[in-house]
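**Q** Chain by chain, the residues:
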Amino acid sequence: MLELSHIDKYYNAGTVNEMCLFQDFNLTIPDHQFVSVVGSNGSGKTSMLNLICGSIPLDSGHIRMNGKDITRLPEHKRLRSIGRVYQNPAMGTCPQMTILENMSLADNKGRAFNLRPGTNRQRIDTYRESLKTLGLGLEDKLDVKVGVLSGGQRQAMALLMSTMTPIEFLILDEHTAALDPKTAETIMILTDKIVKEKNLTTIMVTHNLRYAVEYGNRLIMMHQGNAVIDRADEEKQKIKIDEILAKFNEISIECGN
Amino acid sequence: MKKSLSALLAAAMTMSLLTGCVTIEPAETTASETPSTEAQADASSAEETEKAADTAENEGQDTASYTIGIGQFAEHGSLDNCREGFLAGLAEEGIEEGKNLTVYFENAQADGGTASQIMTNFAAKNVDLICAIATPMAQSAYSVGQKNDIPVIYTAVTDPIAAELADADGAPVGEISGTSDKLPVEQQLQMIRAILPDAETIGIMYTTSEVNSESAIAEYKAAAPDYGFTIVESGVSSSADIPLAADTLLSQVDCVTNLTDNTVVASLPVILDKAAKLNIPVFGSEIEQVRIGCLASMGLDYIDLGKQTGRMAAKVLKGEAKASEMNFEIIEEAAFYGNTKVAENLGITFPDDLTANAKEIFTEIAQ
Amino acid sequence: MLTTIIGVLEEGLVYAIMALGVYITYKILDFPDLSVDSTFPMGAAVTAVSIIAGVPPVFTLPLTFLAGAVAGCITGLIHVKLKVRDLLSGIIVMTALYSINLRIAGKANLPIFSQETIFDNAFLEGIIPPSLAPYTVLIILFIIVLVCKILLDLYLKTRSGYLLRAAGDNEVLVTSLAKDKGTVKILGLAIANGFAALAGCIYCQQKGFFEISMGTGTIVIGLANVIIGTQLFRRISFVKATTAVIIGSILYKACVSIALSLGGAIHIGRVTISIPITASDLKLATSVLFLIILVLGGRQGKKVKNHA
Chain A
1 MLELSHIDKY YNAGTVNEMC LFQDFNLTIP DHQFVSVVGS NGSGKTSMLN
51 LICGSIPLDS GHIRMNGKDI TRLPEHKRLR SIGRVYQNPA MGTCPQMTIL
101 ENMSLADNKG RAFNLRPGTN RQRIDTYRES LKTLGLGLED KLDVKVGVLS
151 GGQRQAMALL MSTMTPIEFL ILDEHTAALD PKTAETIMIL TDKIVKEKNL
201 TTIMVTHNLR YAVEYGNRLI MMHQGNAVID RADEEKQKIK IDEILAKFNE
251 ISIECGN
Chain B
258 MKKSLSALLA AAMTMSLLTG CVTIEPAETT ASETPSTEAQ ADASSAEETE
308 KAADTAENEG QDTASYTIGI GQFAEHGSLD NCREGFLAGL AEEGIEEGKN
358 LTVYFENAQA DGGTASQIMT NFAAKNVDLI CAIATPMAQS AYSVGQKNDI
408 PVIYTAVTDP IAAELADADG APVGEISGTS DKLPVEQQLQ MIRAILPDAE
458 TIGIMYTTSE VNSESAIAEY KAAAPDYGFT IVESGVSSSA DIPLAADTLL
508 SQVDCVTNLT DNTVVASLPV ILDKAAKLNI PVFGSEIEQV RIGCLASMGL
558 DYIDLGKQTG RMAAKVLKGE AKASEMNFEI IEEAAFYGNT KVAENLGITF
608 PDDLTANAKE IFTEIAQ
Chain C
625 MLTTIIGVLE EGLVYAIMAL GVYITYKILD FPDLSVDSTF PMGAAVTAVS
675 IIAGVPPVFT LPLTFLAGAV AGCITGLIHV KLKVRDLLSG IIVMTALYSI
725 NLRIAGKANL PIFSQETIFD NAFLEGIIPP SLAPYTVLII LFIIVLVCKI
775 LLDLYLKTRS GYLLRAAGDN EVLVTSLAKD KGTVKILGLA IANGFAALAG
825 CIYCQQKGFF EISMGTGTIV IGLANVIIGT QLFRRISFVK ATTAVIIGSI
875 LYKACVSIAL SLGGAIHIGR VTISIPITAS DLKLATSVLF LIILVLGGRQ
925 GKKVKNHA
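Residue numbers (this note's numbering), protein chains in the order written: chain A, 1 to 257; chain B, 258 to 624; chain C, 625 to 932.
Read the hints as simulated data drawn from the structure, not as lab findings. Positions of the beta carbon are idealized from the N, C-alpha and C atoms, including for glycine. Don't take every hint at face value.
[Said to hold, decoys possible] DEER-style ranges, computed between Cβ atoms:
(1) C:Tyr759 x B:Gln509: 28 to 38 Å
(2) C:Lys864 x B:Ala348: 52 to 62 Å
(3) A:Val144 x B:Ala523: 56 to 66 Å
[As the list claims (entries may be wrong)] Cut-off 25 Å, straight-line C-alpha distance, at most; resulting in silico cross-link-like pairs (DSS-like, lysine-lysine):
(4) B:Lys382 x B:Lys356
(5) A:Lys141 x C:Lys731
(6) C:Lys864 x B:Lys439
(7) C:Lys907 x A:Lys109
(8) C:Lys731 x A:Lys109
(9) A:Lys145 x C:Lys781
(10) B:Lys382 x C:Lys907
(11) A:Lys141 x C:Lys864
(12) C:Lys731 x B:Lys478
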């Protein structure tokens with residue numbers, strides 16, 4: 001369960017450029033829900049993710065994770081139970097390290113990074129197995145540096161790595177936006193599979209309305225720091241792309257776009 | 258790999274060409290730099306690896322020729338004079354550059370790392386003797402010389418005992434000896450008392466990183482009460498601190514005296530300018546400082562010091578003595594240097610007994 | 625010629641230890657750490673003082689590493705906790721250490737000629753046969769460098785080492801792994817400055833004295849070593865980066881030595897080429913060499929930019 005209550009967030013507070021992003025914003029995400037978030041640029045989608053993860057501070061309000069107040073918890077501590085995949089495929093992996101080393105790193109999340117061997121030899125077969133599920137042939141390239149892989153391959157790895165250890169929440173920050181349509185599709189199917197397998201509470205920000213409609217069991221449309229559409233479960237099933245598109249256009253005209 | 262390696266070597270070559278220039282000239286014109294006759298050249302190369310001492314017995318200079326390396330720690334008037342004097346001292350003993358002497362000269366520009374590199378290179382060139390000017394250079398030379406059996410003669414080392422180049426009795430710790438440029442502190446204080454009968458405080462500025470300055474200060478502090486003075490010291494860490502430190506110091510003292518502190522000496526014009534405005538006399542520690550505007554000095558003549566060092570080196574080269582058998586030497590008698598122009602500006606007249614024995618009196622302030 | 629080669633190897637190996645540290649900060653962490661300019665002489669100061677106080681020379685090695693590590697931590701803390709820019713935190717510590725080094729040593733120049741060192745002691749005289757005596761220093765240096773290199777290689781393969789590499793490669797991932805990237809940086813700086821101080825310790829024992837000016841330009845030498853090494857061997861995958869850095873150090877010193885010996889005149893038949901390059905030109909020569917290697921080597925590997 002993730003609760004955002006009475007969130008206020010201003011950018012450039014106290015200057016002429018002051019911009020209000022959130023004012024008394026509230027959102028509750030129950031366990032095992034897969035939320036798709038859409039909205040125009042600047043509507044506060046990514047800022048919301050950053051607030052949840054602790055990448056940016058909030059001005060007032062509270063964030064609770066499973067009832068525990070994490071408002072003041074630093075980013076790296078929150079990420080212990082959160083997996084996050086970024087828009088840029090390079091952000092989820094280490095380009096100078098090999099696939100095996102990257103997998104080992106991810107496998108170690110939540111444990112001590114001490115002087116024991118970085119790669120546990122007994123785990124290699126497990127890594128191979130999970131890489132095989134990607135269907136990209138990465139299981140045969142364990143000693144290849146991740147930097148030489150394509151964006152899609154890296155993003156697939158990033159997804160795999162962020163969900164490797166037991167986590168409760170998965171944050172997907174436009175994670176298919178930088179990929180070609182074909183690869184994006186593959187990654188999206190993979191995401192859905194992992195989320196279902198591990199039963200993760202997921203927040204996915206996307207610009208692809210079709211993904212938003214097709215995947216997940218809740219859909220939120222953000223506009224000026226508010227959820228203008230918020231449908232879950234059966235209501236969400238009934239939603240059609242055209243309806244979303246219509247609302248989108250309405251908002252855009254309102255903004256003078 | 259091969260390509261990049263060759264590129265690297267090419268780079269090294271280009272670099273040397275960039276920083277220098279190549280001149281091609283007939284061999285005759287450079288004869289002065291190299292041994293004058295073919296025979297001598299052959300002799301020198303044949304004997305290169307041998308100790309010069311072995312060849313020196315049969316009245317050395319006619320047949321023997323020598324190669325020495327001079328390493329100077331920093332670019333600095335007094336140290337330059339040392340080098341000049343050193344070569345002059347060798348020449349007095351019949352060892353002359355261009356005739357029977359090849360000199361490699363390098364300046365470390367006050368960089369400790371470079372100093373040791375220079376010494377390693379001298380060792381590689383198989384020099385017969387290393388002349389090291391100033392303390393860090395002498396220490397670098399000692400560790401290299403000891404390993405490669407090359408005798409070292411140093412100069413401008415203020416305290417060879419503290420630098421562990423000589424033991425407590427002044428005897429060398431190995432094949433190393435030379436001359437010390439220890440300041441004649443007592444004589445300087447005596448002179449200041451003679452010129453300024455009413456002065457009570459003397460200011461001294463020094464750099465905290467120069468070990469010689471610290472020992473000199475200690476000596477001044479110990480001797481000052483005997484002449485009725487109090488010493489006010491002011492330590493700086495770089496030349497950038499000097500203007501401010503000078504202002505503070507000058508407000509507290511009746512006069513200022515200098516050490517051979519490299520940083521302070523290099524910034525002396527700044528101090529002299531400020532002192533002149535406040536009518537405060539500044540005493541120097543050697544001739545160059547008096548030349549550029551210090552009132553007076555009981556100082557060392559670094560050329561003389563260099564000559565004395567050169568004569569010691571000649572003994573070692575000719576095999577008349579070993580460096581390990583000679584204790585380091587100091588100049589016993591300091592000489593008086595005065596600047597009458599500065600005295601006139603300050604409204605001071607030098608006592609006659611000082612001027613009568615003066616080594617040199619300047620009537621102008623050199624710029 | 626042999627003297628030159630031994631000299632170059634000795635100088636190169638001493639600086640190689642420092643370069644291993646610079647490799648961590650510059651290559652792995654992507655942190656331009658200037659504090660090594662002062663941790664190098666700090667190692668020498670601690671060594672000289674300890675040896676004079678009667679500490680067995682071998683113990684000065686871990687001792688100086690520790691001292692350097694503390695200094696590195698301070699650079700790291702200033703950068704991470706006080707949010708001072710990387711370059712500036714290095715400069716602050718470098719400047720402060722200058723005074724601290726003087727405090728440690730008590731004065732600007734502290735000789736230990738008369739003391740036993742790791743290169744010159746009764747034990748060694750007993751076991752090294754006279755025929756090997758000229759190579760004693762070289763052999764000991766080689767062993768120390770080898771041990772440092774192997775330890776660093778092993779460390780970089782531990783979990784902690786992985787995290788350190790990740791921190792330089794992609795800070796965001798370190799956060800994603802629920803680790804504080806600041807702590808990792810501090811750790812890296814501590815190790816790097818530990819190596820720099822260790823190099824200073826060995827340098828001091830080899831040369832026989834501590835001198836406050838001995839650290840001038842250390843970082844430039846370190847960077848040059850790392851860049852020469854890694855650029856030369858970047859296409860040869862079986863040469864480890866640490867090995868490359870050590871070879872780079874030796875090559876760099878070789879270049880400096882060549883530059884120095886070129887000074888003077890070369891006689892080819894009746895033609896004399898005089899090259900007026902002296903030690904005074906050394907810094908310029910170093911910079912030019914450095915620049916050429918950088919340009920020839922092309923651009924550095926791209927790092928992930930943090931925009932989260």
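**Q** Could you run down the list of hints and mark each one as holding or not?
**A** Evaluated hints:
1. C:Tyr759 x B:Gln509: 28 to 38 Å: violated (57 Å)
2. C:Lys864 x B:Ala348: 52 to 62 Å: holds (56 Å)
3. A:Val144 x B:Ala523: 56 to 66 Å: holds (58 Å)
4. B:Lys382 x B:Lys356: holds (19 Å)
5. A:Lys141 x C:Lys731: violated (58 Å)
6. C:Lys864 x B:Lys439: Violated. Lys864 of chain C to Lys439 of chain B sits at ~53 Å, over the 25 Å cutoff.
7. C:Lys907 x A:Lys109: violated (47 Å)
8. C:Lys731 x A:Lys109: violated (49 Å)
9. A:Lys145 x C:Lys781: holds (15 Å)
10. B:Lys382 x C:Lys907: holds (22 Å)
11. A:Lys141 x C:Lys864: holds (20 Å)
12. C:Lys731 x B:Lys478: Within the cut-off at roughly 17 Å; holds.
Violated hints, listed in ascending order, are 1, 5, 6, 7, 8; each of the other numbered hints is respected by the structure.
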